[in-house]
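Chains as they are written, first to last, in this note's numbering: chain A, 1 to 423; chain B, 1001 to 1226; chain C, 2001 to 2840.
Keep in mind the hints are simulated off the structure, nothing from the lab. Built from N, CA and C at the ideal position, the CB exists for glycine as well. Any given hint could be a false lead.
Chain B stretches covered by chain A per the calculated footprint, using a threshold of three residues with CB under 8 Å from any CB of chain A [stated by the list, open to error]: (1) 1063–1072; (2) 1191–1202; (3) 1210–1221.
Listed next, the in silico PhoX-like pairs over lysine-lysine satisfying Cα-Cα at most 25 Å (straight line) [what the hints assert, rightly or not]: (4) A:Lys185 / C:Lys2591; (5) C:Lys2133 / A:Lys192; (6) A:Lys358 / C:Lys2128; (7) C:Lys2128 / A:Lys192; (8) A:Lys308 / C:Lys2058; (9) B:Lys1065 / A:Lys6; (10) A:Lys324 / B:Lys1223; (11) A:Lys192 / C:Lys2545; (12) B:Lys1042 / A:Lys99; (13) C:Lys2133 / A:Lys358; (14) C:Lys2024 / A:Lys192; (15) A:Lys185 / B:Lys1223; (16) C:Lys2038 / B:Lys1042; (17) A:Lys99 / B:Lys1065; (18) A:Lys185 / C:Lys2024.
Given next are the chains, with one letter for each unit.
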Amino acid sequence: MSAAVKPLLLRDIDEPGLSDIAVYERRGGYKALRKALAMTQEAVIAELEASGLRGRGGAGFPAGRKASFLPKGDIDKYLVCNADESEPGTFKDRELMQKSPHMLIEGIVIAAHAAGANHAFIYIRGEYEEQARILDAAIVQARAAGYIGRRILGSELSLSLVLHRGAGAYICGEETGLLDSLEGKRGNPRLKPPFPALQGLYQGPTLINNVETLMTMPHIISMGGKKYAKLGVSGSSGTKVVSVSGHVRRPGNYEIELGIPSRQIIFDLAGGPPPSRKVKMWFPGGSSAPVLTAKDLDVPYDFDSLAKAGSMLGSGAIIVIDDKTPVLDVALKTAKFYRHESCGKCTPCREGTNWTVKMLERIEAGDATPMDLDIMASVQEHIIGNCLCVLGDAMAMPIGSMIAKFRGEFEAHIQSRQLASVA
Amino acid sequence: MSPADSAGPGFEYRQELAGREIPRSREGSRTPGWDEPADLEKDPAEVPDPALVDVPAKLRTEIEKAMARYPDRHSAALPALRAAQDHHGWCSPQAILEAACVMRVTPGYLTSVATFYDMFELQPAGENIVYVCTNISCSLRGADELYASLEAEVGERRDITLRHFECLGACDIAPMVSVDHVYYGPLGKGDAKRLVGDLRAGREPIPELALALRATAASELRKEQK
Amino acid sequence: MITLSVDGREVQAPENMMLADAAKLGDIEIPVFCYEPKLGEPVGACRMCLVEIEGMPKLQTACSTAVKDGMVVHTRSERASVAQQAVVEFLLINHPLDCPVCDKGGECPLQDITFGWGGGISRFIEPKRHFRKPLELSPLIAIDRERCILCYRCVRYSQEVAEDYQLVLLERGEHSFVGTFDGHPYVAPFSGNIIELCPVGALTSRPYRFRARPWDIEGAGSICTLCPAQCNTSLTVRDERVLRVLARDHHEVDDGWLCDKGRFAYQAIHVDERITEPMIRDGGLLRSVGWERALAEAVGALQRAGSKVAALAGGGATNEEGLLLSRLLRDVLGSPHLASSPGAAVSLAHWRALSDPALAASVPDLEFAHAVLVLDCEPLDDAPILDLRIRKGVRRHGVRLFVASPRASALDPVSAAKLRFAPERGSELVWALVAALRRDSALEDAARAAGVSATEVKKLASGLRAAGKEVVIVYGEQLLSADGAALLALADALALAGRSGAGMIGIPDAANGRGLREVGVMPNAGPGLSRPTRSGGRDPAAIAKALGNGELAALYLLGVDPLRSYPDGQAWERGLEEATTVIAHASFLTKGLREHATVIFPSESSAEKEGTITHPDGRVQRLRPAIGHVDEVRSEWRILRELGRMLGASIGPDSAAALSADLFSTVDLYAGLTLERLAGHGVRWQEQAAESSASDGTRVASAKLRRPPRQQSGKVLLGSYRSIWAGPEVKASPALAFLAPSQRVELSPPDAAALGLRHDEQVVVSDDHADIRGRVVVRDSAPAGTAFLERELDDNGANALRGPHVRIRSVQSVEAEAAALLAAQQEALAEIEQSEVSAL
């Protein structure tokens, strides 16, 4: 099986009792933390930068550079772990936290050291109650073992860690929406600048990283940034946990080396679509990514190749849709999701998602003309780039791509419904 | 023991509201208040005066503990609402008032927060709350049909609150449900009936489908390759 | 200043100014909805102001982009226009376009921007949302949720300016709507500002709805004279009627906000209850008469009383009226008895020292000081708009706020420290604070006399010291009347004199209290705080007493009813009863006038008045008439002048402008002012070029302390306050009447428990002489040992009680007692009858 790599994050995932600190330590856990704490803050950042690690939450920003943006000095600084995994199709963080909570804690403490943060929060989506319980127990263990608290392992680093549960809002995965939510407000995104690195949580400098990003850090420290950078391809180093779902025989999380052909993930690992079905289209990076078609199955699965193909790696969630599924159904589900999750703060997103759903509903009901497709495409263009945060774009891009790539199918649907009504 | 006691906290309030029709929009948004004027007979809703609001001791302690965990007490809004909801069965006006009283904020502030998030029940909820993921991945694998059969099974009774939910982050077990915040899936034919039956019988529902018991995809793959 | 290019035009602007504002400097408008600098930081929500900036890949929101030198901006480029048209199209999706029946039509930013920047068509053909409308949001405000474009101005205002957190956004995304908790109305002291903030017709004034269209109305700049805050207003006038009051943005006075009293009490100008004709008491009853008769009546009475007349001024009486009144009394009638504040007279030396420009703080200082000390007053009640200003300083500029007051303050939650002392012990508290600041051993005694622990005073003192040197003290009338020396000692201890950004603002009792004092309506001072031409003037308490015992015969009331507003109602009841003549200028028949006035002249409202008034921070502001006089109302300065003339003296010139000039030349503090210089924004007299220092340097700095307040078993101390809603205008305005206060008896939970009283219970509060009724309000924040009652109610106000201790019993128990007493009496009577019968 060629797609398999020597996994890092999923190496011990099937180890019974891994969520217990003793088992985790027995498997080598928290050694990277000891190593990191013996290093200077700058040295840790240097390793992260050398690794080429890009954020695993969706935006793909270089993780080492992000950590270096926080101002130095003796003020309260915050590290927030974004565990509000809500991008449709994405469930990697859920499994990682459930099975290996200590790896996350270890990564958090290492990142806090790199950023000079003294308060850390894990913002976990409210629906993940089981995982929150596991994390809470792990935090208690880690605190008792001296991995969290004052002068961790005798170093200068002191860190508090609080698990904060969300309550059901996709927008809180957007980093500034998350900050507002963590401050006890509605999770509305904030205007940027100021960026969180300077003015984030409680107006203090804040580093925000995704679960998987943080969980990769212990491995980078262990093996060294340069060695990690050798994994994957240029511009997309390392391994990635990919969530595969939809019309595949074995939906689930697979850790791959970035840069392998997408086909390998969908077919070799996840088993491809059920017998006698074909891949019609697929979201390569969660529902916010423009859809790709069967033609694109050989695109290498990495940040730059997917961007070149007109989509994005996003959160690394592949949703496969087979040839029996009408594009309209997918478009409607997608648009309704974003309408439901739009926070409502900015106009193009609030009204644009709403309008798009109404047009799609009208198309579905058979009360549309091909001109509506033009209007719908134009509405998507009016959303893209004009919103306060990326949620509006996250609907407009996939919907736009569906209209562009499946226009014939939309038109055929409109026409057949018109004919039906005439008859 | 009176029936009210056995039915858990908030029972009477839920009973009182049970007959009242609460409008729902087509998309399932909760309690749209667009058409409702303010009641001019009411006093303005300022920060509740602790001298005038009785807060159950357990709820108070829980909220105070939550406030102490953060550098700014306002961060405890979500934990406080969750605690109030757990205590009263839903985020009733009284529940919000009590949480606001302990947090020293207006009930309006907490209502604004509560209505933003999907997990707060703003109308009387049943004893069990079932979220059905009907987002893309789950619907590709039959979530809409699952919802329909669950709806048929639950029927008119209000003991189970059934809700559409957006992606619950468990597409690997699609179609799936979250029953009182525990994940189960994939649900096949007949599982809807079993789920509702188990809940009404007071049993753990469809226990063998619990996410916690499921092996990872990688291990499945290994097994298959062997 | 930097230079940028906007649409090819060179624009000079301060660096980092927001582009939306900077463009205006080049006469280029960039459309905005959510952006409103008064609400704080931009939020970039509506996306209306998207513009193209060279070198930036995406369009930027002009409201949140700081300008930099050399920036090249295109607000009308193809890309920018497409985005702007898109935003307008999006906004109009759910907007009903019911402009023909919308109050906002004609003065609506959404209309203007749609016309100016919209694409002219909409491609949205789905059904629009339809809701019930309009709905009441409060008795004052209607909400039309169809029209709302979700710009969040109103909810941001409620949360970040008024900080009442009552008006919030509910639900999420396209379901979002503006609302409140569980259908409670949005009733708060400053709620009306959201009407003006709303850029569409979603929030409208219920009293103004459908009263006029923008082309029917005229705007007239004016000043609100309902309280000392003297907010600048713009009156909307149609057919000689005031239909609306809007804020007239003045950063140094009101910051562009109004309280609901100022916004809605205009209704009292045009109500039937208003006195609009002269009246005299005839056969015990007041009846309307012609001007000649009323004036003759007054002149006759004044002639008879001669120097045995006293005068009180208050309300919105202008500086010019005060000047004429003092001339009438001192020069024509030969009486020195003049007062314009209810308390005892401050010594002239202290008053002059307190008026020293070196000690004067301005309103904006409240926003930028290191620390603000609110001392023995409640800004929300006493000068409401200052409450917002103080909050703004705390929220946006990190001002450390300290509150020292007997009663819990609305500002407590945003204060760094608060301290409660016994009612009417303000001067003792100040002496204690002075001692603590000086680390003086006198602290213990003074603190005890103030009814507060020395530790708390020390904490306050160290908090003040730690906050920084620029301290602004806001103090109340009570403190001023009690002991000027204490305030001066405090200013000295904090070294406020001459420090820029530091100083004091005294909030007087009357709207123009400062001006009336400065023009000489004081028992011990003439115009400009000069030595009065006649000495021996009595303060109000002495006037009441002298009227009661016949030493004084007549009372002249210019805009004040002492029975309603002054302490010791019992003494005033007697004084007014015994007075042979009571001449009053009034708009409403308040209790004292209804029962005791012999001649009443109708008062002008501020919308009819001409003259000047002086803000607590020394700003002399100009009142200009916005409407003609209603009915028989005449200029009050003319009435005073006419009385003088009929008494054989010319006390002032025969035109309002000449009278103001007379004022400026008579009152040396105001020397150099002219009406032209005052213009629309007024001038702080302290900022006059002339060295017009009022101080003669006298400082008395020894503490006078009363004995510590004692607790009496079964009784509590009496504290009182005047609510923001206390004026007769509130009750007379139909829209505001629901806010008119009735007596409430505020008790702490332990006191209520000890007295066996429940929240909401009806009680009788009594001292040795009188009793009043009220409703118990148990408040967690009420200090133990004191009951707080409202002053200045039309009836049943706390002024009727003298205190300092009162008994509080439930109405039920009082009635039961009375019934028992009656029964006992009847029994005794029956026994007597019985014995009489048997004696027969």
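Inset, instruction - For the pair supplied as a hint, A:Lys324 and B:Lys1223, confirm whether the alpha-carbon distance does not exceed 25 Å. - result: Not OK: A:Lys324 and B:Lys1223 at ~30 Å, beyond 25 Å, violated.
Inset, instruction - Could you grab the alpha-carbon distance between A:Lys185 and C:Lys2591 and see if it respects the 25 Å cut-off? - result: 50 Å, violated
Inset, instruction - Mind checking the alpha carbons of C:Lys2038 and B:Lys1042 for me, to see if they're no more than 25 Å apart? - result: Outside the cut-off at roughly 30 Å; violated.
Inset, instruction - Compare the distance between the alpha carbons of A:Lys99 and B:Lys1065 with 25 Å, and conclude whether the hinted pair is satisfied. - result: Not satisfied, since the Cα-Cα distance of roughly 28 Å exceeds 25 Å.
Legend entry - 25 Å Cα cutoff - pair A:Lys358, C:Lys2128: 11 Å, holds
Legend entry - Restraint status (C-alpha distance of A:Lys308 to C:Lys2058 at most 25 Å): 20 Å, holds
Legend entry - Agreement of A:Lys192 and C:Lys2545 with the hint, judged by alpha carbon distance not exceeding 25 Å: 68 Å, violated
Inset, instruction - Would you check the hint for A:Lys185 and C:Lys2024, treating anything up to 25 Å between C-alpha atoms as holding? - result: Distance ~34 Å between A:Lys185 and C:Lys2024 Cα, so the pair is violated.
Inset, instruction - For the pair supplied as a hint, C:Lys2133 and A:Lys192, confirm whether the alpha-carbon distance does not exceed 25 Å. - result: 37 Å, violated
Inset, instruction - Starting from C:Lys2128, check that the Cα of A:Lys192 is at most 25 Å away, please. - result: 33 Å, violated
Legend entry - 25 Å limit on alpha-carbon distance, applied to hinted pair B:Lys1042 and A:Lys99: 51 Å, violated
Inset, instruction - Between the region 1210–1221 of chain B and chain A, see if three or more residues pass the 8 Å beta-carbon test, and mark the coverage as holds or violated. - result: holds (count 9)
Against the hints set out earlier in the document, violations occur for numbers 2, 4, 5, 7, 9, 10, 11, 12, 15, 16, 17, 18.
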